[in-house]
Each structure stands twice: as structure tokens, then as C-alpha cells.
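Peer 1: Chains as they are written, first to last, in this note's numbering: chain Z, 1 to 257; chain F, 1 to 257.
If you're looking for bench data, these hints aren't it; they were derived computationally from the structure. Warning: the hint list may mix true and false statements.
The list cannot tell twin chains apart, which means a pair is met if one copy fits it or any two copies do.
What the hints assert, rightly or not - Derived pair list, reagent style BS3-like, types lysine-lysine, alpha-carbon separation capped at 30 Å: (1) Lys18 - Lys86; (2) Lys73 - Lys18; (3) Lys73 - Lys51; (4) Lys86 - Lys171; (5) Lys51 - Lys96; (6) Lys86 - Lys183; (7) Lys183 - Lys73; (8) Lys121 - Lys183; (9) Lys131 - Lys91; (10) Lys173 - Lys127.
Fair warning: this is a prediction, and the values are worked out from it, not measured in the lab.
There are 2 protein chains.
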Amino acid sequence: MLSIAIPSSALINENDPKIKTFKIGLIARACAIFRVEEIVIYRDPKLNESKFIRDVLEYAETPQYLRKYIPIKRSLRYVGVLPPLKIPSHKPKLLKVGEIREGVIVDVAPDGTRWVDVGVKALAPLKSNAKRGARVTVRVCSKNPLVVEEAKPKEYWGYKVKISELGDLLKRKGVVITSRRCKTPSLNDLKSLKTDLTLIFGSPEEGVFEIAERLGVKVRGMCWNTIPMQGVETVRLEEAIFATLSIVNYLRWLNEV
Amino acid sequence: MLSIAIPSSALINENDPKIKTFKIGLIARACAIFRVEEIVIYRDPKLNESKFIRDVLEYAETPQYLRKYIPIKRSLRYVGVLPPLKIPSHKPKLLKVGEIREGVIVDVAPDGTRWVDVGVKALAPLKSNAKRGARVTVRVCSKNPLVVEEAKPKEYWGYKVKISELGDLLKRKGVVITSRRCKTPSLNDLKSLKTDLTLIFGSPEEGVFEIAERLGVKVRGMCWNTIPMQGVETVRLEEAIFATLSIVNYLRWLNEV
Numbered sequence: 001m002l003s004i005a006i007p008s009s010a011l012i013n014e015n016d017p018k019i020k021t022f023k024i025g026l027i028a029r030a031c032a033i034f035r036v037e038e039i040v041i042y043r044d045p046k047l048n049e050s051k052f053i054r055d056v057l058e059y060a061e062t063p064q065y066l067r068k069y070i071p072i073k074r075s076l077r078y079v080g081v082l083p084p085l086k087i088p089s090h091k092p093k094l095l096k097v098g099e100i101r102e103g104v105i106v107d108v109a110p111d112g113t114r115w116v117d118v119g120v121k122a123l124a125p126l127k128s129n130a131k132r133g134a135r136v137t138v139r140v141c142s143k144n145p146l147v148v149e150e151a152k153p154k155e156y157w158g159y160k161v162k163i164s165e166l167g168d169l170l171k172r173k174g175v176v177i178t179s180r181r182c183k184t185p186s187l188n189d190l191k192s193l194k195t196d197l198t199l200i201f202g203s204p205e206e207g208v209f210e211i212a213e214r215l216g217v218k219v220r221g222m223c224w225n226t227i228p229m230q231g232v233e234t235v236r237l238e239e240a241i242f243a244t245l246s247i248v249n250y251l252r253w254l255n256e257v
Numbered sequence: 001m002l003s004i005a006i007p008s009s010a011l012i013n014e015n016d017p018k019i020k021t022f023k024i025g026l027i028a029r030a031c032a033i034f035r036v037e038e039i040v041i042y043r044d045p046k047l048n049e050s051k052f053i054r055d056v057l058e059y060a061e062t063p064q065y066l067r068k069y070i071p072i073k074r075s076l077r078y079v080g081v082l083p084p085l086k087i088p089s090h091k092p093k094l095l096k097v098g099e100i101r102e103g104v105i106v107d108v109a110p111d112g113t114r115w116v117d118v119g120v121k122a123l124a125p126l127k128s129n130a131k132r133g134a135r136v137t138v139r140v141c142s143k144n145p146l147v148v149e150e151a152k153p154k155e156y157w158g159y160k161v162k163i164s165e166l167g168d169l170l171k172r173k174g175v176v177i178t179s180r181r182c183k184t185p186s187l188n189d190l191k192s193l194k195t196d197l198t199l200i201f202g203s204p205e206e207g208v209f210e211i212a213e214r215l216g217v218k219v220r221g222m223c224w225n226t227i228p229m230q231g232v233e234t235v236r237l238e239e240a241i242f243a244t245l246s247i248v249n250y251l252r253w254l255n256e257v
């Protein structure tokens, strides 16, 4: 699994909530392009916008036809500026037999049958243990009547968002801290790319080491500078995420072929 | 030398000139981060915004204290949204003896002496053949009196912008077309990265091959897909530039060490 982690203070150098929302959108795009499956937001007491970042990231990842089930919140006021992710789970409203789609369980019948909204007028019955409001991934078996079954897509489907503590994050296997202060990885260093990987980024004001020190957390794991010889004084968080994921994606591809 | 080339139709899918300006800013940032020395805009008859793109790119590359010499133009109306490049040539106003700075020749005396504005009140005399209005790169030899001499910086200094024809561009050595339709380069393919390299990008609507066909231009050179296994339907131009430059930068570093 490929994960990235950003601090809750990731947007500390922006004041405008519209620009903050747009920047989260850029991070969501980078994650979608390079098939990141999990985005972790770790707590930085300097600025804790974890829930705001999570709400916007989850909104961006939700197929358009299911966004009506997301409660209206202050944190989602500027989601209009988000660039569309265009991931395979973002299907058009028009349904095709055989395709896999996202749905939301909108009702649970007394007999336990779940009724699922997959983006068309009719609801589909589903045998499932999921709760009302839960997202489900289903295959469309028939259109008329509408029949669906739970399914697992083979292609990249989207990311999950998680809020965590840096200390817990650093206990994971395959942790890589990204920092300008570190060495650029050699191809040998990158052999680990076959396994699970969590790329940890710092805030615009402080690197992961500084945040960890402030939190009294011991840092372990690899540490990479993925932009050797950078031509600018500072690289922005969304730029660093893009640059790092691009290299990781390419080298994972090299390892696979 | 590292160059990138984009079509004059690069912003065809945006209508708002403010957003167009912002996107050019993102491209400028990507080029600065990865030390691109030349940005070429090649003519696509479908939409020819070459001059607009050039004006904004050149404005972004100009040190803040020299921007007053750029004539006010319609194309520069929204330059306020440009992110700062923070490249080494963008020095603060405060002058340091020994440092290298950008200047503009503001006057040519009858004896041929050039008078250069390097961002402070006093003008510096300079022996040079450059014309009035030309940019020069100088070393500050002394502050009081202000003495400068022409100099060549060792660090990355910025990019030049050029308008060209695709046909001419494709005749260069080290041309690489980027396209989703191509193969992802192996490490062997990337040996050429030590030499001059021109990375050619298509427009949001058409790839380089389609544009070349429409222009009746024969395509030659390498062709790379730098985002193998992409998780989204379409990658935006600025995202493709970022992703490609990141890999090229990393692999050039590997070749150098």
C-alpha cells in the first residue's frame, strides 16, 4: 500500500479558506494520479486543521452523484474550487451492466436488506452488514430490475483519509521521511519500494524532524531528499508531494517490469 | 542544457485570464525548481497565445526590483497571482559586496559607458556592449562607490523564453516527446540525460503527435510516458511537466554521482 502523511498544519502559510481548499485539491490530485491509497493527517499542535483537511479530501474523493449524502459543513464551503479527480470510481450517472460503481446505503429494511443508491433513480437491494450511510463498492449485475453485488475493483479506486499521531505513524513499516536535509536515495535504497510505503511530509514552516522534536517523538525510518539540486529557495508542500510521488511511481514501475 | 517546450495552445481549456496567468506561474515554478534553462513555446495554429505566455513567463523570471522596467501590457494584467519563484537571481533590494545580481541597462553615456540599475538608488557604470533595456548579470565589486563587473553565476539563475516552430524544435538533439501513448523509459533509455535535453509537451486537447500531424511535421526523437499506471483519466499539462521534470532531475543526479 502507498500512503502519504501530512501534518495538520499543512496549510499554515495560507489564510484564505478558498485557497486552502484549492491546495488540498492539488494534494488530492497528486495522490489520485500516483494511486495513493491512504492519506494520513498527523497532529501538529501548532495548527490543528485535521478535520478540515479530512473533510475536503473525502469530499474530493467521493463520486459526484454521492456528494449529496455528505452533510453541509463550514469546512466544505469552498469545494467548488476543487479540481475533479477523474479516478475510475467517479463514474458518470449513466449505468452500465457489468461495471463496478460506488454506492451509499440509504436504508436498512427490517429483514436486513440494504438499499443502495448507485447514482440512478432506483435503489438497489444488497446483502451486506454495512451501516446506513456507509459507502459500498458494487458490481451492476442487471439494470432492469436493478441488481448489484459487492465487488472489489482491480483498478485504482481512490484513497482513504485517516487522522493519526506522528508517534504512531513512525512505528509503521516502510516509513520514509522527506526532507531537504536528507540524502537523495540511490537506486539501491529504493528496493524497499516494492513493499508498503508511507511518505511523511513536514509543514511549510517546519520539517518532520522539527515537528517530532517539539512533540518529543523519536524519529526512525529512512529519510529522503527527492529534489536534489533544487533551483529555488523553498519547495511548497504540494510541489514536494508531486515530485516525490512521481519518482516513487516511476521506480515502482521499474521494479515491477 | 535542460529545455521544455509547450504549445501556444497550452491554456486552451481555461477561459479566465487570471487562471491562465496562475497556471503559467505553476509551470514557471516547476521549471525553477528543476533548473530548466529554456522554455520554448511552439506555435499551434489552433490557439496562438505565444506572446501572452512568453510575457508572463518572463515577468515571473524577472527579479522584483527590475519589474518596473517591463512595459505595462494587457497580458500582464493578472501577474499579481503569480507565485514567487525564489530563484537565486531574485535577490533582495539590499546589496552585498561580492554577490552576483541582475541589472538592467538604463542609460548609455556618449563615451559608451553603460549605466546599470541593480536595485539600489545609485546606478553603476559598466563596460559592456549591451543595449539600453538589456538585462545584465553583474558582480558587486564595491558598494561605495558602486562598482560592478559582468559575471557568470555558478548556481541556477533562471530560464530564457523562446517562441519557435515545432518543426525546428524537432530537429534539435536530445528531443523527447512526452505522451501517454509512449513507453515508459527504462534506466538505459535515460543515459542520454547527461546531454542536452528538450522535453516536448502537448496541449490539454491534443498530444504532440496530433499537433505535428495537423502541422504536417514529421516527428522524430524519443518518446516517453513518464507517468506509468496513472490513476486518473487525464493528467493536466502542469502536472505532467512537474512529474516529468522530477524524474529527469532525479535521474540526472544519479548519473552525476
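Peer 1: Compare the structure with each hint and give your call.
Peer 2: Structure-based check of all given hints:
1. Proximity of Lys18 and Lys86 under a CA criterion of 30 Å is satisfied in both settings, with 21 Å inside one chain copy and 24 Å between copies.
2. In this assembly of identical chains, Lys73 and Lys18 lie within 30 Å of each other by CA distance both inside one copy and across copies; the values are 14 Å within and 29 Å between.
3. Taking identical chains as interchangeable, the C-alpha atoms of Lys73 and Lys51 lie at most 30 Å apart only when both belong to the same chain, with a minimum of 11 Å there against 43 Å between chains.
4. In this homomeric assembly, Lys86 and Lys171 never come within 30 Å of each other (Cα to Cα): the closest approach is 33 Å inside a single copy and 36 Å across copies.
5. Taking the shortest alpha-carbon separations for Lys51 and Lys96, neither the intra-copy value of 35 Å nor the inter-copy value of 46 Å comes in at or below 30 Å.
6. For the identical chains of this complex, Lys86 and Lys183 are inter-copy neighbours only, at 22 Å across copies versus 35 Å inside a copy, given an alpha-carbon limit of 30 Å.
7. Taking the closest pair of Cα atoms, Lys183 and Lys73 never come within 30 Å of each other, the shortest separation being 42 Å inside a single copy and 44 Å across copies.
8. Taking identical chains as interchangeable, the C-alpha atoms of Lys121 and Lys183 are never at most 30 Å apart, the minima being 55 Å within one chain and 42 Å between chains.
9. Taking the shortest Cα distances, Lys131 and Lys91 sit within 30 Å of each other inside one copy (23 Å), while across copies they are farther apart (59 Å).
10. For the homomeric pair Lys173 and Lys127, neither the shortest alpha-carbon distance inside one copy (36 Å) nor that between copies (62 Å) is at most 30 Å.
Checked against the numbered hints above, the structure violates hints 4, 5, 7, 8, 10; every other hint is satisfied.
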